[in-house]
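Q: Each chain, letter by letter, is given below.
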Amino acid sequence: MTTQAWRRVALAAGALLLLGGCGGSSGPSNDHVLRIAMGSPGEAQIRVWDSVAKQFEAAHPETKVELNYLNDDLYETIGLQNLLNGRKAPDIYFEWTGSRLAQRVKDGFGADLTKQFESGPLAGLFDDAVLAQYTLDGKVVMVPYTADVTNVLWFNTKILADAGVKPPATWSDLLAACDALNAKGITPIASGNKDLWPAGNWLAHLSSRVVGEDVYAKTLRGGASFATPKWEKAFGYIKQLADRKCVNQSANAIDDNAGAQLFFQGKAAMHPIGSWLVSWAIDEAPDLAFDYVNLPAMPGGAGNQGSVIGVATGYVINAKSAKIGDASEFMALLNSKANVRALIKADATPLSKPASAGIENDSRSARLSTLLNTAPAIVLPPDTGYNLKTADALYQAIAAVLGGQATPLAALKAIDTKLGR
Amino acid sequence: MKSTRALTPYLFLGPAALVFGFAVLVPMAMTVGYSLTEWTGVGPMRFVGLDNYAKAARDAVFRASFSHVLVYIAATLVLEVGVGLGLAGLISARRGTAWFRVAVFTPVMLPMIVVAVLWSFVYNPDFGLVNAGLAGVGLDGLQRVWLGDTSTALLAISVVSGWVFAGFYMMIFHAALRQLPAEIVEAARIDGAGEWALFRRVKVPMIRNAVAVAVLLCVTGGFQGFDLFFVLTNGGPYGATEIPTTYLVKVVFRDGDVGYGSAMAVILTAVVLGVGLVYARVQRGRSAASRGRWT
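If you're matching them up, the sequences are chains A and B in order. Numbering-wise, my numbering puts 227 at position 123 of the first sequence, and it's gapless, one number per residue. Numbering-wise, my numbering puts 97 at position 96 of the second sequence, and it's gapless, one number per residue.
Don't take every hint at face value.
As the list claims (entries may be wrong) - Partner residues are not named here, just some residues of chain A that face chain B (Cβ under 10 Å, in silico):
(1) 177
(2) 180
(3) 298
(4) 332
(5) 354
(6) 355
Said to hold, decoys possible - Pairwise CB distance ranges, derived in the manner of DEER restraints:
(7) 241(A) to 214(B): 57 to 67 Å
(8) 493(A) to 55(B): 14 to 24 Å
(9) 79(B) to 327(A): 43 to 53 Å
Since the hints were derived computationally from the structure, they do not count as laboratory data. Note that beta-carbon positions come from the ideal geometry of N, C-alpha and C, so glycine has one too.
Just need the whole structure built from these sequences, with the hints factored in.
A: In structure tokens:
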């Protein structure tokens with residue numbers, strides 16, 4: 105072979121490598137796979153999703169449905185972001201309403217679904233009042249799924265009854281319950297706060313009750329600093345929880361699953377977490393007798409003492425997807441009467457019209473749904489309703505006070521320092 | 002034909018160079034470029050010069066993350082390289098250690114995420130093996146929230162790292178020890194050296210190159226540590242196990258600050274490269290000095 109010929113071969117090989125290296129681009133792939141991503145909704149709901157996927161594949165033999173269930177915390181922090189920027193980005197993905205949803209739409213990952221709801225496959229499945237929560241700048245950008253109460257105080261009815269403790273309605277009730285349960289050698293409250301949001305959600309709600317919903321929202325949006333007497337008073341109550349040994353010593357070392365296990369296995373009397381615990385318990389602790397109370401009223405709090413912390417959730421259809429039609433049809437199938445019935449059996453509380461058409465629900469889930477729908481004030485969780493960096497700084501401060509590592513004022517000053525306020 | 006021969010080495014090198022370029026050099030150059038911008042990962046970038054580097058220098062969490070990783074590296078040098086060397090010394094002095102070697106090496110073959118999840122159960126303060134074992138032998142007073150206590154969390158992660166990699170270094174040292182000339186070992190024995198003296202004064206000095214490589218691997222690998230930390234503590238408790246990689250991931254993916262995260266990645270790369278180069282120079286100096294003694 106001549107030198108020139110070698111050069112041609114080398115150039116061709118180089119060009120091939122270049123094309124191989126640069127030919128791909130991020131975004132959903134244009135194949136026959138409908139990709140759906142979410143955090144883990146619990147085994148009971150996973151069975152429903154898998155069933156809907158099979159129904160869809162049977163009706164669309166050319167399409168395969170790929171469901172990707174990620175660890176919740178991973179999904180919320182780096183998982184979804186990575187998936188959306190990957191080559192096989194999801195066509196449909198779970199998201200919370202609030203600042204996260206707005207950011208997704210701003211970044212070009214949320215399709216305008218208005219037409220799908222007006223005259224497409226999703227038409228007639230949701231009330232306008234529900235769709236209003238999923239509308240940004242006049243465009244419906246998400247398919248509603250559930251409205252989650254992200255924190256109530258679950259309690260083991262038998263343990264409380266055996267200890268002669270009533271479900272706490274006020275702050276002093278809660279502290280008295282801690283003392284009574286500690287005296288009997290039972291951990292009063294189990295929390296798995298390694299990832300910071302479980303106790304973060306709970307105690308952010310407590311803080312909102314003390315500082316008032318307006319101050320809470322203003323501070324989390326960046327309009328005020330944290331190191332104020334109001335917030336210090338709120339964090340003082342968190343310190344009381346630590347001082348009275350209300351929460352398991354391991355709280356900041358174990359994750360939410362391990363925290364729930366302490367409750368499921370009867371090692372702790374109470375567990376502050378969201379409405380999804382009912383769904384978890386179906387598989388994890390089917391025989392456990394448990395119920396809930398909303399966060400106890402805080403003495404002298406500036407907020408509404410009947411407030412509920414919650415967030416509406418749903419599924420966004422990726423604006424970059426080449427399968428928006430298929431994705432809409434899948435979401436319509438998920439919200440069909442039979443599948444909504446299955447979801448309710450799996451202890452979800454879907455927001456679609458079939459859900460309110462006389463289908464029986466687990467009493468706790470139904471009551472939680474009513475609690476949210478009739479709440480005098482709704483508090484948005486910091487990590488889904490506001491900027492994630494702000495939420496993380498608040499959560500770290502809460503964990504530090506709960507773990508006895510910082511005083512309320514020092515923890516609040518640390519938030520302001522981190523956020524440059 | 003002569004000119005073809007001159008081109009041949011480049012043709013062989015070409016594919017590897019292209020792959021290296023696209024897999025390493027181009028991403029590195031792009032990271033340096035991003036580090037000079039303010040960018041969320043999507044949308045427009047804004048050139049900010051060296052602002053991100055100045056921010057990193059002021060960032061107390063980032064500075065502390067280097068302290069944590071240095072402590073981790075120091076611990077793993079003992080728990081991985083030291084223990085690996087000790088185990089290699091033991092198995093090279095005995096016969097019939099094949100099963101032992103397989104057992105100690107097995108953790109290396111497990112995915113790190115699996116190891117981390119496994120050890121999160123072992124360290125679980127409420128149900129875990131460590132606290133249950135301590136209670137079982139009447140040492141309840143030593144029970145700890147191992148991964149939730151700022152004084153034990155980093156050490157607890159280092160122990161897991163040691164459990165995984167001690168077997169890896171043991172195999173490296175075992176292979177090196179098997180290459181030692183038998184007559185030197187025999188001569189030392191005839192001179193009255195016991196097994197400990199033989200190991201410390203004869204065998205280890207003779208495999209010093211393998212030890213040097215192991216130390217370099219351990220140090221540079223320590224800076225790259227991520228998965229164990231991410232799963233076991235995610236930087237907690239209260240930032241006590243935050244290392245540059247876990248912090249970098251939070252900055253990029255949680256805060257959406259790709260520019261600042263890229264600056265941190267560049268600094269981390271520079272530190273690892275610097276440490277590697279200094280170590281290589283020191284080793285070269287030692288080798289030259291040692292050659293000088295024998296000439």
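Q: Now tell me if each hint is right for this structure.
A: Hint by hint, here is what the structure shows:
Here the hint on residue 177(A) is kept, as its CB sits about 8 Å from the closest CB of chain B, short of 10 Å. Interface restraint check for residue 180(A): the shortest CB-CB distance to chain B comes to about 9 Å, inside 10 Å, so the restraint holds. Nearest Cβ of chain B to the Cβ of residue 298(A): about 6 Å, under the 10 Å cut. The hint holds. At a threshold of 10 Å, the smallest CB-CB gap from residue 332(A) to chain B is about 23 Å, leaving the interface hint violated.
With its C-beta approaching chain B no nearer than about 4 Å, residue 354(A) sits inside the 10 Å limit, and its interface hint holds. Because the smallest distance between the Cβ of residue 355(A) and any Cβ of chain B comes to about 8 Å, under 10 Å, the interface hint for this residue holds. Distance hint for residue 241(A) and residue 214(B): a CB-CB separation of about 60 Å, consistent with the stated range 57 to 67 Å. In this structure, residue 493(A) and residue 55(B) meet the distance hint of 14 to 24 Å, their C-beta atoms being roughly 19 Å apart.
Between residue 79(B) and residue 327(A), the C-beta spacing of about 51 Å keeps the proposed range 43 to 53 Å intact.
Checked against the numbered hints given earlier, the structure breaks only hint 4 and satisfies all the rest.
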